[in-house]
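Participant: First to last, the sequence lines map onto chains F and R. By the numbering used here, the letter at position 233 of the first sequence is numbered 233, and the numbering carries on one by one without gaps. Convert by adding 1000 to the 1-based position in the second sequence; the result is the number in the numbering used here.
Note that these hints are calculated values from the structure, not bench results. Mixed in with the good hints there might be a few duds.
Stated by the list, open to error - Derived lysine-lysine pairs resembling DSSO-like cross-links, with alpha carbons at most 30 angstroms apart:
hint, chain 1, residue 1, chain 2, residue 2
1, R, K1142, F, K247
2, R, K1066, F, K192
3, R, K1008, R, K1019
Fair warning: this is a prediction, and the values are worked out from it, not measured in the lab.
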Amino acid sequence: MQEAKETSVKISVEGLNAWFNTNQVLKDISMDIAEKRITAIIGPSGCGKSTFVRCLNRMHEVVPKARVTGRVLLDGEDIYSADVDPVDIRRRVGMVFQKPNPFPTMSVYDNVAAGLRLMGVRDRARLDRVVKKSLEMSALWDEVKGELNKSGASLSGGQQQRLCIARALAVEPEVILMDEPCSALDPIATAKIEDLIAELKKDYTVIIVTHNMQQAARVSDYTAFFFLGELIEYEATRELFESPADKRTEDYITGRFG
Amino acid sequence: MVRNRFQKEMEELRKDVRKMAEHAKNGVETSVLSLKNQDVEMAESIFAREDESDILNLGIDDRGMKLTALQQPVARDLRFISTMMKVSDNYERVCDLTVKIAEITLKTAKKPLLKPLVDIPRMAQTIIEMIDINTMAIEKWKVDEIGVLNEKDDLIDALYDQVYRELLTFMIKDPRTIDDATHLLFVARYLERIGDIVAKTGARIHYMITGERIWIK
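One chain only, chain F, in its complex shape (with noise of 0.2 angstroms):
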């Protein structure tokens, strides 16, 4: 399909298929993604955007009888090779979904501490830091700094999302997937996530999936549009928008079908 320009490949999608059983959800899809840029994947429902991603971190293959082939290759490294382990790989490719999900038992200090704990690291004073770092980028220190010890679960959902993106932060990755991460919250809250998107992009390559169109055009450099599971279109945002070159892509936008 088009490559992206004007910057480095991220992630390069050659030929995925994805089974759920017998039921085919992606037909070969090949997309080069942006490095340091935000992809966003519309689409109507069913459409396997979601399968998409998860397919990029290798969280697809975790549900019973699901199924993939063809190739993704991270920095040029196959994602699916033998010798690849899909733990690494999810630590390189964090992943934020559409509840925000912290552990509710965990502080929130506990919650961005937990990916690297989980990896092994037990020094204090690098957790502290990295802890304030990740909840500074992801908008969050302010509104808790003075309470890192309460419950995750008690903060509102527009900052318990925010805490999911520091603990997604927290072990450093190099793309972040977002399924619908602002389905769940008010405008506001949504406006405070957008603004962090944008703000991600200096460090990270961000794919977000979304099923508000407005939000793709607002937050996204490249946008997708998946179609009964194959890629329609995949251009710049605005060009996506503005004139979009399959008829399909336009009838779903313009909110025609869908």
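Dock chain R against chain F, hints included.
Facilitator: Relative to the frame of chain F, chain R by itself:
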């Protein structure tokens, strides 16, 4: 087909812009005819038309803003709505210029015209054809004829030059004609401006239909 109400509102917008095009066309036709026939009453009808087109243009702008704010149009819808607002504005400017021509009719109606008008009505006729091309392109969502606008605009420019040179000879021969000749020169100048505006409107319509910008002088 979903978003029926939105579709209906866009259709209303299209109809209003069509009316705006009719105002512009009639304005050009009537103002030049009033000048040619030295018909004061006809010239005065232009002023009322101008008021109507002002109100219509405001309404189009308002409807376009409302649709943009409430429906968040993208792709062809966005190009359509923004273009309708722009086309309407352009035709409003055309109507403004036809008022200027009507004012010249009022100034010159008391004594015989300096010369029979030939090229100026041809300019007007060409403009009317250009507006029709724009209207058909919008109605059919096809750009086929838009390319012709360039030729027609060239023709208008050539007619303007011709009128200019002709009037200059009058003024050189007899300075007493300067007042009348200048008035006619202004009319030709206004029509030349209108030709430009209508051609540029066509370029915008081309963008609306194809998503590609083209350059018309």
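Participant: If a hint holds in the structure, say so; if it does not, say that too.
Facilitator: Each hint, compared with the structure:
Restraint check for R/K1142 and F/K247: the C-alpha separation of about 16 angstroms stays at or below 30 angstroms, so the hint holds. A C-alpha spacing of about 26 angstroms is found between R/K1066 and F/K192, which places the hinted pair at or below 30 angstroms, so the restraint holds. Restraint check for R/K1008 and R/K1019: the C-alpha separation of about 17 angstroms stays at or below 30 angstroms, so the hint holds.
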